[in-house]
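Okay, here's what each chain looks like letter by letter:
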Amino acid sequence: MASALVAQSRSPVGRRLVGALALAAVLVLLLMVPHAGLYYVRLADDVLIYTLLGFGLNLVIGYAGLLDLGFVAFYAVGAYTYALLASPQFGIHLPFLVILPIGAALAACFGILLGIPVLPLRGDYLAIVTLGFGEIIRILLNNMDAVTGGPQGVMMIDAPRLADYALISPRSFYWLLLGLCAVIGVLVLRLENSILGKAWAAIREDQDAARGIGIDTVRVKLAAFAISASIGGLAGVIFASFQRYVSPESFTFNESILIVLIIVIGGVGNILGVITGAVALIVLPELLRGVAQYRMMAFGFTLAALIILRPQGLVPRSFGPVRLLRWLLAS
Amino acid sequence: MSFAFDHVSKRFGSVVAIDDVSMTFEPGLIYAIIGPNGAGKSTLVNMAAGSYPVSSGSILLNGRKLERLKKHQISRAGVARTYQNIRLFDQMTVLENLEVALAPAEMRHAWREVLVPIYAGQATARRRATCLRLLEEFGLADVAGVHAELLPYGRQRMLEIARALVAEPSVLLLDEPAAGLNSAETDALKLRLRRLRRPNRVMVVIEHDMDLVMSLSDRIFVLHHGALLFHGTPAEVQANREVQEAYLGTDDDLESIRELARHRRAERGLRDQAGAVRHQA
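Protein sequences appear in the order of chains A and B. Numbering-wise (the working numbering), the first sequence opens with residue 1 and increments by one. Numbering-wise (the working numbering), the second sequence opens with residue 1 and increments by one.
Keep in mind that the hints were calculated from the coordinates and are not lab data. Beta carbons: idealized from backbone N, C-alpha and C, even for Gly. Treat the hints with care, as some may be off.
Said to hold, decoys possible - Among the chain B residues that face chain A by a calculated CB cut under 10 angstroms, a handful are:
| id | residue |
| --- | --- |
| 1 | Asp19 |
| 2 | Met23 |
| 3 | Phe25 |
| 4 | Gly28 |
| 5 | Arg68 |
| 6 | Ile74 |
| 7 | Gln84 |
| 8 | Met92 |
| 9 | His109 |
| 10 | Gln122 |
To be verified - From chain B, some residues computed to sit far from chain A (all C-beta separations above 12 angstroms):
| id | residue |
| --- | --- |
| 11 | Asp6 |
| 12 | His7 |
| 13 | Gly50 |
| 14 | Lys71 |
| 15 | Arg197 |
| 16 | Ala235 |
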């Protein structure tokens, strides 16, 4: 609808006005969400957490061009880090803000751990090994009863506190997630435009030629895995602190696939695409509740149709946030 | 600055592709490596650039043994190359294709670039200026923002050479730079390559276009069946009978090729006639 409006207003001033109004509308919408019903706030929380996960995985898939099907493992590492360091499981109760970096760092270590063996692999082979890695982590969590509580998981996890303020309600998590998404989104965008982002793009395009111009592909790829995993870890910490309960069931292969789909449907290699994809894939199943038992079937058909009609994703790679702002505001 | 192949051999299984080749290159000169197809020219370049491991011998750059380095380290040591079939980063813009060649030198500061916006602005501006200057030199400034895959073939060649120059290499290896270019483009290439000569740079060109080789290079190495057959100035190479035989075959070979050509022409003539007859019928 916005595009139709823009097309109608021929004069530059009018066009700029429409653009500014559209931006303002999005901002107002973001501010209004917490005042909506609890159902909508929870939905928004879901969208934001998957946006965060999408930002992370997009580094590896979208920028470096490496198909990772085991991303949920890093999400799990972050979640269990919080679960074990802030629950009666071991009687440890570290503050949320201390665990947040620990979870991210630990996930980054796992990212490198996964990265090293898969360095020589590409395409299908890489996808299979990362898929296996995701499953290994989940099965470990399922079977290390003494540490992780096995299939029952970890219960009675502490509510996170920021200074004197306890984060319990979905509303407070909405603000936390929104803030984190904004910060990580900006960082990811800056990474994309940095020299490291250019090196990732070169690896994606032609790994051998990238080596030929002196790029240390080993280190550059490991950097992608580590940074991507740390974002997954952050999302995991927040997830655990929000649910206050974790079990291996939350970290199945389906989750990995959902995050990959968010990126592919939304638009590979573009954070606007990730946001669009997260909104589409989290909200769509809710909208389809009307068709009850055919819901998942309709969801599947919609995804298939989207992929066929727009193989490059809803938002093309070249249409990044900067282009969007320019398109909305410039004459 | 010194660059040399020291008794280099390359075996692929039982096939000897390069057989005990030694070459010394002097800075400031343009070298050509010529030889019939399969003589091992590209193999030499691929070994020097680290794409193939060396079977025996050494490739020395300022006393460093390049065969012990990884591919990216060889590039960092100052060896740049272009490919026989152009290899650009297709989905990146022309400017980005050059900028990314600065990545190895600037990767240490990547974190600062991400976290400090002012520094990022400066670094980007600096990179852009360096690369735009090079693009102007190569007549590519007008397409700086265009995806590399959209350029015509001749300009892609230029872009690839420009990319190899970003890091200011001391050894520049050009694998058939004139392949696929028309004669006007080849002339332009010749002028451009001449201007890339530096007192502290070795330029090595592998090329089939003999006009280009003879007019561009200062010294020529002739490879034949993986061994060094001859080396000298263009005039010396042209005067050498052994080289002519290796390249064109002996007079007997030449005669049999001519015979074959006559035969083919006659065959084609018959086919054409047959076609014409069918048409009438």
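Results for each hint:
{"no.": "1", "hint": "Asp19", "result": "26 angstroms, violated"}
{"no.": "2", "hint": "Met23", "result": "21 angstroms, violated"}
{"no.": "3", "hint": "Phe25", "result": "20 angstroms, violated"}
{"no.": "4", "hint": "Gly28", "result": "23 angstroms, violated"}
{"no.": "5", "hint": "Arg68", "result": "16 angstroms, violated"}
{"no.": "6", "hint": "Ile74", "result": "8 angstroms, holds"}
{"no.": "7", "hint": "Gln84", "result": "13 angstroms, violated"}
{"no.": "8", "hint": "Met92", "result": "6 angstroms, holds"}
{"no.": "9", "hint": "His109", "result": "8 angstroms, holds"}
{"no.": "10", "hint": "Gln122", "result": "12 angstroms, violated"}
{"no.": "11", "hint": "Asp6", "result": "23 angstroms, holds"}
{"no.": "12", "hint": "His7", "result": "25 angstroms, holds"}
{"no.": "13", "hint": "Gly50", "result": "8 angstroms, violated"}
{"no.": "14", "hint": "Lys71", "result": "4 angstroms, violated"}
{"no.": "15", "hint": "Arg197", "result": "22 angstroms, holds"}
{"no.": "16", "hint": "Ala235", "result": "34 angstroms, holds"}
Checked against the numbered hints given earlier, this structure breaks hints 1, 2, 3, 4, 5, 7, 10, 13 and 14; the rest are met.
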